[in-house]
Amino acid sequence: MHDSVTVHMDAPPERIWDLVSDVTKIGRYSPETFEAEWLDGATGPAVGARFRGHVKRNGIGPIYWTTCTVTASVPGREFAFGVGSSDKPLNVWRYELQPAGEGTDVTESFDLSKTAMLRLYWALLGWARGRTNRNDMRTTLERIKAEVEG
Amino acid sequence: MRICDNGGWTDTWFGGPGRVVNVAVIPGVEVSIRRTSGPDLVVLDVATFGARYPIVPGASRAARHPLLEAAIDALPPPGSIAVEISVRSAIPAGSGTGTSAAVAVALLGALAAARGEQCSRRHIAYAAHRLEVEGLRVESGIQDQLSATFGGINYLEIDPYPEATVEPLPAWDELGPRLTLVFLGMAHDSPAVHRQVIEDVGRHQSGALSQLRHAAVAARDAVIAQDLGAFGRAMIANTEAQKALHPKLVGVDATRVIAVAAGQRAVGWKVNGAGGDGGSVTILSATPPDKQVLEGLVAGLDTRYQVLPIQVATVGLQVRGELGTP
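Residue numbers (this note's numbering), protein chains in the order written: chain A, 1 to 150; chain B, 1 to 326.
Extracted from the complex, chain A is given alone in its bound form (with noise of 0.2 Å):
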């Protein structure tokens, strides 16, 4: 119900930060989600603020509106949101960045809330969300990694 890829880039952790906390970008990386706006007149990074990301699951369809919010948002180190209600999200993407050599290693990562029924949805099919989950991930990343390093 928890896992990560990272990848390397050749770029500053700010830059690649402005990028992965900018929800309105989201589309250009994201595999599932094609388009985010921010809500209630929000208009950037902040703990406790939402948005909302348009997604077409895995892809292929259904095609929905999910509500997030900012769980963590410290600039050239993490960006994090829950997706659902903000006091119990169903599940927390997250962004780590980490200094290293001339650039920085981007983890990102999911942690699925381990209600009942997720983990029932786990045993069932979470083989099959968690390799999504996994491809679609380095997919986002190699899509940063190209822009920041293009």
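The set of hints was computed from the structure by calculation and includes no laboratory data.
Just so we're clear, the structure is a prediction, and the values are computed from it rather than from any experiment.
Treat the hints with care, as some may be off.
Output of the computed footprint for chain B on chain A, the stretches with three or more beta carbons under 8 Å from beta carbons of chain B [claimed, not checked]: (1) 50 to 60; (2) 63 to 73; (3) 123 to 130.
Ideal placement from N, C-alpha and C gives every residue a C-beta, glycine not left out.
Chain A is fixed; fit chain B onto it per the hints.
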């Protein structure tokens, strides 16, 4: 649904190594999921039970249909998409034909598709198995789920449980028109007998399990040879092995129907599923006219008994359509 499950009981955690032949039949289970405008996130429609009610996935509740609700809890429609989920089964629950597994396979297949999850049929079969075993904490072999997803006639080797290899056997046009499925009027419900069997098998390796495996292998060979007589003998041998496992696995009603079948020189008979009181029996007649005569006799034997029209299913799980976009 499946019938003629020769080797059933050996596909369980306590009965292995498993060897099973089963025959998938229609009518099966049909699940449809359609978008609604709400306000309820999910409305579950189970017309067979005259039930139609809203549920909130993941919310604690006293489940009216635990299997269905557990499946919806596990794979709810994504986002805030409101849907109505309709579940239809022509064969009664508790008939010993793997109904609950077929329902779980159909519902999970539909829910997974509605969520855009890309799963093979085999994965859906195992998800349905886990739903019952891990989600609902009930005993379940793996053959029913595999039969429901693959369809046709299959030979299964299960070892170690629940890992199974599925060998599709050749189509056999002569078989279907000679098979009669008799529902014995009430759901099979023999938990005490089933518990006893599990305890007995746990204490000492039962010779009956070996007989069940042999009956499965004999049935496989009969299908490959397209030999009705041999298939019928394998069915009978399996029923005797069920009796050896526990005498009450072949109940009073099943014994009455079998006696009529034997009197009509039927080729074979098999108490479907685990056995016990109620449930159903499959009878193999020598010819289609013999089958018609037999069905008339069985229907007249007891008003509770129902001859359920069946055909061999050439396909298993089929998923069509998509939920679309808002």
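Hint check:
Counting residues of the stretch 50 to 60 of chain A whose C-beta lies closer than 8 Å to any C-beta of chain B gives 6; at least three are required, and the coverage claim holds. For the stretch 63 to 73 of chain A, the stated coverage by chain B is satisfied: 4 residues place a CB nearer than 8 Å to a CB of that chain, which reaches the threshold of 3. Chain B is given as covering the stretch 123 to 130 of chain A, and this holds because 6 residues of the stretch bring a CB closer than 8 Å to a CB of that chain, at least three being needed.
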